[in-house]
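Enquirer: Assemble the complex: chain E is given as a structure, and chain C must be docked to it using the hints.
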Amino acid sequence: MTKPFDLDTLHELLNAIVDQRISSDQFAVLQETLKSNAEARRIYLDFIDLHFNLRKLERMEVTKDPMEDASRRFGDRLVESKARNNTFQVDSMLLNTKPPKNRWALPAIALFALAASVMFALSMIPWHSQTVGKSTNSIAKSDQDKESPTTNPESQVLLAQAVRASFFGELTPSLDSAMQSNHEYALTTGMIELHFPTGATAILEAPAVFSIANAARLVLQTGQCSVHAPDGAEGFQVETPLTNIVDLGTRFSVVVDETGETDVQVVEGIAEISASSGTSPRQEDPIRLTDRQGRVFSEHGGVVSQSTAYDDSQYRRRLPDRVVSYRATDPNGSGAVELVDVTVQRGGDVYTYAIDKLIGIELTHFKSAEGKNVPSTAHLLSDEHPDLDEIVSDHALNTGIINPGGALEPLQSNPVMASPESTLTLNTPGMSIRFRQPIVNGTGPDIILFDLQTFSNPLGGDAFHIGPVEFTPGLRSHTVRIFDITLNSKEAKVLETFGLMRTPSPVRSLQELRESKVTPSRVRSPFRALAVGIDLSDLGYEIGTSVDQLFIQDALDDNDSFVDPVLIVGLPPLSVINGPQ
Amino acid sequence: MSNEHEYEEFLKLFAAHRDRLFAYVYSLLPHHADAEDVFQRCSVLLWRKFDQFQPDGSFLAWGCGVAFYEVKNFLRSSNRNRMQFDVELVSQLAAQRLAREPDVSPKMEALTGCVQSLKASDRDLIHHAYHDDEGLKVYADASGKAIQTLYNRLSILRRQLLDCVQRKLNLEGAQS
Chain E
273 MTKPFDLDTL
283 HELLNAIVDQ
293 RISSDQFAVL
303 QETLKSNAEA
313 RRIYLDFIDL
323 HFNLRKLERM
333 EVTKDPMEDA
343 SRRFGDRLVE
353 SKARNNTFQV
363 DSMLLNTKPP
373 KNRWALPAIA
383 LFALAASVMF
393 ALSMIPWHSQ
403 TVGKSTNSIA
413 KSDQDKESPT
423 TNPESQVLLA
433 QAVRASFFGE
443 LTPSLDSAMQ
453 SNHEYALTTG
463 MIELHFPTGA
473 TAILEAPAVF
483 SIANAARLVL
493 QTGQCSVHAP
503 DGAEGFQVET
513 PLTNIVDLGT
523 RFSVVVDETG
533 ETDVQVVEGI
543 AEISASSGTS
553 PRQEDPIRLT
563 DRQGRVFSEH
573 GGVVSQSTAY
583 DDSQYRRRLP
593 DRVVSYRATD
603 PNGSGAVELV
613 DVTVQRGGDV
623 YTYAIDKLIG
633 IELTHFKSAE
643 GKNVPSTAHL
653 LSDEHPDLDE
663 IVSDHALNTG
673 IINPGGALEP
683 LQSNPVMASP
693 ESTLTLNTPG
703 MSIRFRQPIV
713 NGTGPDIILF
723 DLQTFSNPLG
733 GDAFHIGPVE
743 FTPGLRSHTV
753 RIFDITLNSK
763 EAKVLETFGL
773 MRTPSPVRSL
783 QELRESKVTP
793 SRVRSPFRAL
803 AVGIDLSDLG
813 YEIGTSVDQL
823 FIQDALDDND
833 SFVDPVLIVG
843 LPPLSVINGP
853 Q
Chain C
252 MSNEHEYEEF
262 LKLFAAHRDR
272 LFAYVYSLLP
282 HHADAEDVFQ
292 RCSVLLWRKF
302 DQFQPDGSFL
312 AWGCGVAFYE
322 VKNFLRSSNR
332 NRMQFDVELV
342 SQLAAQRLAR
352 EPDVSPKMEA
362 LTGCVQSLKA
372 SDRDLIHHAY
382 HDDEGLKVYA
392 DASGKAIQTL
402 YNRLSILRRQ
412 LLDCVQRKLN
422 LEGAQS
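Chain order of the listed sequences is E and C.
To convert, count from 1 in the first sequence and add 272; that's the working numbering.
To convert, count from 1 in the second sequence and add 251; that's the working numbering.
Same shape as in the complex, but just chain C:
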């Protein structure tokens, strides 16, 4: 394979699996800055090691394998923050995560429908909670609402959305 072809292959695979790879890292390090830090390191490593990747294998599985070690390295070398999962839990989560349904697109489709069917004020809350990294602090100040009230409502909405997505997926499963 020429180098040009190799690079193009890598980019195609990386592009197709980038989001899932990041989701994998985030599940093990549920803190955005930490997850992004590790993900960036992992991306470099995947390119550096790309000649070790078996073309007929699963890029995602291989990438997650590399990511897993990067997460462990990160946990070992970061100032032992009490709010990070220990290695045992990270291993349990990693194993369970990789075994899950590989195709997320049905979930996103279902989620879009579920968010759209929320009432306008709830959709607004979701938007402000997720649109940027500020979270609800700015929205609370601007709307004059107590932030705890907003967090409580957001918690309820998340649960509703989880149930809604599951119902839609079950329906799809029953129909297919």
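Excised from the complex, chain E in its bound form:
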């Protein structure tokens, strides 16, 4: 029987329940109202959708990162509904498995759900016992190496670079693979750089919807694109809903919003712009723009345009400084183990550093995340009694001290690290590291942190704070919320399965970490190593300053997942390197 209800009262109850401040009496009234009225249920479901969508919308807001700012700038429909698409590459560990049948007991799931960063298994992977003596030390292949090479790459448009890129409804293509023609791509996060056969390049920033018409024409429905057409690539075209832009050499940017309004800025060279086919031709076309000129095209009963102030910031010359990729050994053919080298863009130039050039660390303080049976150590399965110092200093990506404690807000004063035995609770949660040689702050990343991650953890990596151990004026903590190589990236390598040591209660000091009883276990789902570069300038250090100690804390953005910094390395100073690649 349908009972009438008061709309204002219903709204009051709905607000109380989503704000988690509903009393038991109110809850009883809400339940009764919903049970007896379908219209009330409809309003409830609309309200829940609103609450859920606001949550999604606001959690896309990640500050202090130009790429995230670019994503936010348009408020396009893509941002909300598609941006958290989970795209993964198929990993080789699962090639031989069928979906498992009833092999995972529920209590074990509960245990993993409680564990700080090791999640429940997506799939059961039969453990292949290590073959002793297999010393091929082969380099772990990334998935792009396994794909067959594209035919006739000279005529194809290639995805040359990508950072934090994900696409709606499809996996991110491998680097250097050919993009499909006449296929609508929706770039929902990050940035990509496309190389056209004629030599033109286009950098697209999410959110963007585009397709490739042919080897010299890009169709941009919405989003932001920076084009460079060097000698030989003149005539490269970008078609937007309202305009057709021809680059007569060399650089321009174009931004298309959801209404089709097109903002063209020529940095240098000449671009010719006409109304696109499908709109009425105009007498004034083509309009020519040259150096440092901008024009906005919009629709008001036909395509109209007006000149606009030139905005240098709209053009992006290159993808930002970041960790581009890394290589690791795959000694047993079952996943990556040791880092071999890492490729980083610093100050616009790309460098590859072999492991022997990277600067290692020692751990000088540790206080773990809260919770019972939190794993504190990841170690190789072959190593049954892992030595703390060894697993910190080795080059393996699947060993290390993990799950440091943290705080929602980053530190603004010196962490407490050396409390006497009786007052260990005073120790600041987190971990402190000391580099074996001081790290000199240069342009771009100076330190790289690798994090273990499986698909049920945040795809962008576990957020963490990093800061000085001694706050002098000008220094600050910096929060990393998204990694350079995320789970969406084909560069994130699947790791060889590893073991975990759990302590029964949280560890409050390094001494407790060394002395605590531990319970071993092993991970069952595929983990990958994510990577992020940290620029000491973000902590307030001047260029040229040397830093030898830092403090890292989890950012507590996710109750079940804490950062697992399995490998942290410092980069050599920019003046002492092999030179750009």
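Accuracy of the hints is not assured; some may be wrong.
To be verified - The list that follows gives simulated cross-link-like pairs (lysine-lysine, DSBU-like), each with its CA atoms no further than 30 Å apart: (1) C:K370 - C:K323; (2) C:K370 - C:K388; (3) C:K370 - C:K419; (4) E:K307 - C:K323; (5) C:K323 - E:K275; (6) C:K370 - C:K396.
Just so you know, these hints were derived from the structure itself, not from any lab.
This one's a predicted model, so the numbers in the text were calculated from it and none came from an experiment.
Expert: Using the frame of chain E, we list chain C on its own:
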């Protein structure tokens, strides 16, 4: 279908419907920690049972079916918390939820526009209420405002946003 292909298929489908699936669970268990708990369990089950999924069927409908039973299991086995809907209401909501408009993207587009057209202080409040799990407590302390005042304003804004989204959708419907 090779196993590699199967896995890739599962991931594609799961990725495309994950948000809607979570929204379904949350409607039945409007408490984030509970909803996340059940959602995680459900995700494992969907993979385990993926060989039972009919490829030409609706992944979302199938997934919601699995989720529905997980919600019921959860309600049965959790310490009988008075603040959880009973099974009868959960069944009613489940049926009504599944029958709704499948495509949420128009709603999100409309919502983005509606939030942008709020005045700056209201946008700020929405941001602080939703940006993290702390809710308004921290914002209330930092701004010196009474938390009840903020909750009251948030309630008004939610209602405004609901009306605004509906107006935009009606407009879109009329135009299409």
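Enquirer: Starting from the hint list further up, note which numbers the structure goes against and sort them upward.
Expert: Of the numbered hints, just 1 does not hold.
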